[in-house]
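Enquirer: Take the given structure of chain E and dock chains C and V to it, following the hints.
Chain residues, written in single-letter form:
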Amino acid sequence: MARRYDSRTTIFSPEGRLYQIEYAMEAISHAGTVLGVLAKDGVVLAAEKRVTGKLLDLSGAKDGGYGGSGEKMFLLNSNVIGGVAGITSDANSLVNYARTTAQRHLLMYNDDIPVELLAQRLCDLKQGYTQYGGLRPFGVSLLYAGYDPHYKFQLYHSDPSGNYSGWKATCIGANNGTAQSLLKQEYKDDILVKDAIGLVLRIMSKTMDSTTLGSEKLEFAVLTYDEEAKAPKAKIYKPGEIDALLQAEGLAKKEDDEMKS
Amino acid sequence: METSFAITGKGYVIIAADTTAARSIVKMKIDEDKIKTLSPHLLMAYSGEPGDTLQFAEYVERNIRLYQIRNLYPLRPAAAASWIRRTLADSLRSRSPYQVNLLVGGYDEATHSPSLHWIDYLGTSVEVPFGAHGYGSYFALSLLDRYHNPEASLEEGLDTLRRCINEVSKRLVVSPGKYKVKVVDKDGTREVEL
Amino acid sequence: MSIMEYNGGSVIAMVGKDCVAIASDLRLGNQALGISSNFQKVFPVTDRIYVGLAGLGTDVITLRERFRYRVNMYTIKEEREIEPETFAHLVSSTLYEHRFGPYFIEPVVAGLSKTPSGGLKPFIAATDLIGCINFAKDFVVSGTASSKLFGLAEGLWEPDLEPEDLFETISQTLLNAVDRDAYSGWGAVVHVLTKDKIISRTLKGRMD
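Protein chains in written order, with the UniProt record's numbering: chain E, 1 to 261; chain C, 1 to 194; chain V, 1 to 208.
Simulated from the structure, these hints should not be mistaken for laboratory data.
Among these hints, one or two may not hold up.
[Claimed, not checked] A partial selection of chain V residues facing chain E, derived with a Cβ cut-off under 7 Å: (1) I3; (2) Y69; (3) N72; (4) E78.
Quick caveat: nothing in here was measured; it's all calculated off a predicted structure.
Glycine residues also receive a C-beta, built at the ideal position from the N, C-alpha and C atoms.
Looking at chain E on its own, in the form it has when it is part of the complex (with noise of 0.2 Å):
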């Protein structure tokens, strides 16, 4: 019988729910985890990547853009870095989407645009496919993390249904329930980024399926503020940075770890 209501987003079941929203929701508790802390000096992302395999032609990442592995982390705006969980090409569209928004505004205003307003512009976008009829909503969820002059570093959530929250440290993806129990325990409010790194870096070892951490199922990315050029510092890791973190952490994968297990 729910069929009768969940061939359309627009309709509402009789208990009141709109169910192809609950199922991108469902959808994204699939993906890979991406998970954000907010430290006292800068924020810190964390992805699980999912497309892998010793076939798939990652040279480009290597050296080339501006870091990441264009799956999960994307430079929004020089002061935002998103992070998406989801439908990867959905995910795509709404990474374009929050481009030009930020451009716009810094054209419209000579000013980098806050990071809760683009996390309420893509809101706007994401909420319009609840209502609207005919199509599909975004099966997505972002986390993004920014600078901005008004709230200094700050992390958001939006989710399919276009609701949107700032959080300390929060997880989206698979095993998010798990990451944000674990989070809960371990947060400390007046936490630094070097803190955070590690703190980021232990909890997605625990949460991840696979029992090694390494550059080809993870992205990385810090956000802090230059004091030099006064301007915020976005960093998206690339594969080499990644793996010279986890050894300096050390929670890089050894050679003879996977003969054991």
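Expert: Same frame as chain E, now just chains C and V:
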């Protein structure tokens, strides 16, 4: 003749504009307020073609207010000035351009500094330590080159403004009689008596 | 009264040995009345490209914002930075879009372009107000002092100048040219782009 001045100092911007509304050679009104408060820390003095001035000033005022209602915080002075400039620049290449000259002064709460933007009807905008529009500018700017001090207290700033007004009264053939003076600083905007 | 001379201002760019320089004055005026002595006309586009915009003040700002928008969109979509040659054509097409109601700006582009062998080659170009590009090999000028800049550059410039010598040459050319122009001057800013750094200096000039 219409005249407006603006001076920055230590943590404040003073904006002064004459209060006459003239039509041709006749004074129609002598207590016109030509300085609008756009947001809690933003002032704008406007002058130019009668009709265009008030229409444009109210358009700006309402759009700035709308941004603040929608986004919970006001535009910062530099961003507001950029938006106003862009509106004038777009208007310049439309069928009937607004002929309005502006002085936009504000206090940026994010950086704790005053900022003043000189904007003309073409959409030319530049951040200045002091600025003026109208015939008074020919006397005031050279005077301010000599006497302006970015570290001056409010009282010293008002003294400098008095010099400007006196000079214009003394040398300009048809000088305005009265001025309205407003100040914006960390506490917001207010009107002051000279 | 010409619109091109309403606000005043001048820009020049020069080629050196594995380096380029671009410089402008800092005046913004209302005809003969000076308004600001800190009006920037030269803007960074990428780490290796600068653009100078001489002409009507309002269009300096509008074009600067438009170029930034188009370059940012290019960088995002292409996932790489724009090359100077490409940017010169972007400038040209932006201006020609307004062929019958132009922006009153004659831009100057200076940058270092990548060669296939991985090295860097100096690049300069200038266009008229509707986007006709002039790819010069030595120097390009623009603005109210352009005729004087041509004269001085013709006399002072020589091929293969090292960065510091190029800085001196472009600075002397600009400062002495704007002294003969009532609409330009009030200080100057010079940028020299070399393969490993950018030297930016603000110069004092005659304030009359």
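Enquirer: Now, for every hint given, state plainly whether the structure supports it.
Expert: Verification of the supplied hints:
no., hint, verdict
1, I3, "violated, 24 Å"
2, Y69, "holds, 5 Å"
3, N72, "holds, 5 Å"
4, E78, "violated, 9 Å"
When each numbered hint is compared with the structure, violations occur for hints 1 and 4.
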